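These protein sequences, in sequence, are chains A and B.
According to the working numbering, the first sequence is numbered sequentially starting from 1.
According to the working numbering, the second sequence is numbered sequentially starting from 1001.
Don't read these hints as lab results, they were simulated from the structure.
These numbers were taken from a predicted model, which means no experiment stands behind them.
Heads up, the beta-carbon is just placed ideally off N, CA and C, and yes, glycines get one too.
Mixed in with the good hints, there may be bad ones.
Which bits of chain A does chain B cover? Going by a derived footprint, with three or more residues having C-beta under 8 Å, they are [claimed, not checked]:
no., stretch
1, 93-99
2, 115-121
Reference excerpt, derived from the structure (chain A facing chain B, CB under 8 Å, subset only) [what the hints assert, rightly or not]:
no., residue
3, 60
4, 61
5, 87
6, 132
7, 135
8, 136
9, 151
10, 154
11, 156
12, 164
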Amino acid sequence: MGLSAVTVLGMDRPGVIAAVTGSLADCGANIQDSTMTLLGGHVAMMLLVSGDLSAEELGKHLCGPDLVVTASAVEARRYFRGQSDGLGYVLTVHGPDRPGIISAISAELASVGGNITGMSTRLTGRLYVLIADVELPERVDVAGLMRGLAEVGSGLDSEITFRPVEPDLL
Amino acid sequence: MNPSGGTARQVLGAPHPLLSVPAQQVDPTDPRVVAAAADLLATLRNARGTAGLAAPQIGLSWRLIAFDTRGHPGGRSWAGERVMVNPRLAEASRWHDGREGCASIPGLTGDVRRATRITVLGRLPGTGDPVTIEADAFESRCIQHQLDHLDGILFLDRVPGALSLHRRLHSCDA
Chain A
1 MGLSAVTVLG
11 MDRPGVIAAV
21 TGSLADCGAN
31 IQDSTMTLLG
41 GHVAMMLLVS
51 GDLSAEELGK
61 HLCGPDLVVT
71 ASAVEARRYF
81 RGQSDGLGYV
91 LTVHGPDRPG
101 IISAISAELA
111 SVGGNITGMS
121 TRLTGRLYVL
131 IADVELPERV
141 DVAGLMRGLA
151 EVGSGLDSEI
161 TFRPVEPDLL
Chain B
1001 MNPSGGTARQ
1011 VLGAPHPLLS
1021 VPAQQVDPTD
1031 PRVVAAAADL
1041 LATLRNARGT
1051 AGLAAPQIGL
1061 SWRLIAFDTR
1071 GHPGGRSWAG
1081 ERVMVNPRLA
1091 EASRWHDGRE
1101 GCASIPGLTG
1111 DVRRATRITV
1121 LGRLPGTGDP
1131 VTIEADAFES
1141 RCIQHQLDHL
1151 DGILFLDRVP
1161 GALSLHRRLH
1171 SCDA
């Protein structure tokens, strides 16, 4: 049984998700992880799908007149990562829109081995907002990173907050 | 009694420097503060779908808030139409997640954890008399949102993760 990464892009309309997931169910494919959002009036969906069909066959099965579909094989061993020892943080950046915000912020995080595990950016009027889930290695100078982020934020005329995730584990 | 005769001002939109800096304590009996309180209230009355405002949102870096959560579907307590000078949170309990927006950030909402029961202490503009508000549910959320403005904090700074920021589907600001 193989694992495929499927991306679907199409015009937003009622029934797009039903059509895509119905096609997958029809060919016996099982959706594992998935995420979906609207980007500029388009549906953007990414799925990890397991089943007997190859990625190429899946791609053909999902083709539609108003959908752009890609499918590629994924190595299972890369997907099933071991439990991380990293520390979870949430990063918020907001300020005037300008090119290079994500690039500057992500470079600062990467410089200490920080990994962005989820990210949303939104532009509303002049305001640009970035919220990112960040995983830091266990031994990182967090105070130093925060100083670096503050410096980057200042250069972008943006406000930055960086705070630990506080899960309520029961 | 609330100050009257104010002038509705323009609500500042983010990004604006005044929305990211802590506001100053003020003398509640200062006539300029009373006039600002009247303007804040007039602006709130004029802002359709907005339940609360803080002075930095109308361009004044002073610790003043106004709120009126009358008729909100998520409301329970209702302290009336209120203006408070130098308000501070005295007690907070029963924390819950909820989705909120802001008159200064049109187009976006976010999931934010707030206390659903609070006690807020402050002063009345004009007389300077102390005032205590006990609020719950939406009114509690609304007041905490305004208190954040006085500290230069936007709800965006409290969103707990990348998937907790949303495009706004309807209008109802904290």
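Hints and how they fare:
{"no.": "1", "hint": "93-99", "verdict": "holds (count 3)"}
{"no.": "2", "hint": "115-121", "verdict": "holds (count 3)"}
{"no.": "3", "hint": "60", "verdict": "violated (31 Å)"}
{"no.": "4", "hint": "61", "verdict": "violated (29 Å)"}
{"no.": "5", "hint": "87", "verdict": "violated (15 Å)"}
{"no.": "6", "hint": "132", "verdict": "holds (6 Å)"}
{"no.": "7", "hint": "135", "verdict": "violated (12 Å)"}
{"no.": "8", "hint": "136", "verdict": "violated (15 Å)"}
{"no.": "9", "hint": "151", "verdict": "violated (16 Å)"}
{"no.": "10", "hint": "154", "verdict": "violated (12 Å)"}
{"no.": "11", "hint": "156", "verdict": "violated (10 Å)"}
{"no.": "12", "hint": "164", "verdict": "violated (11 Å)"}
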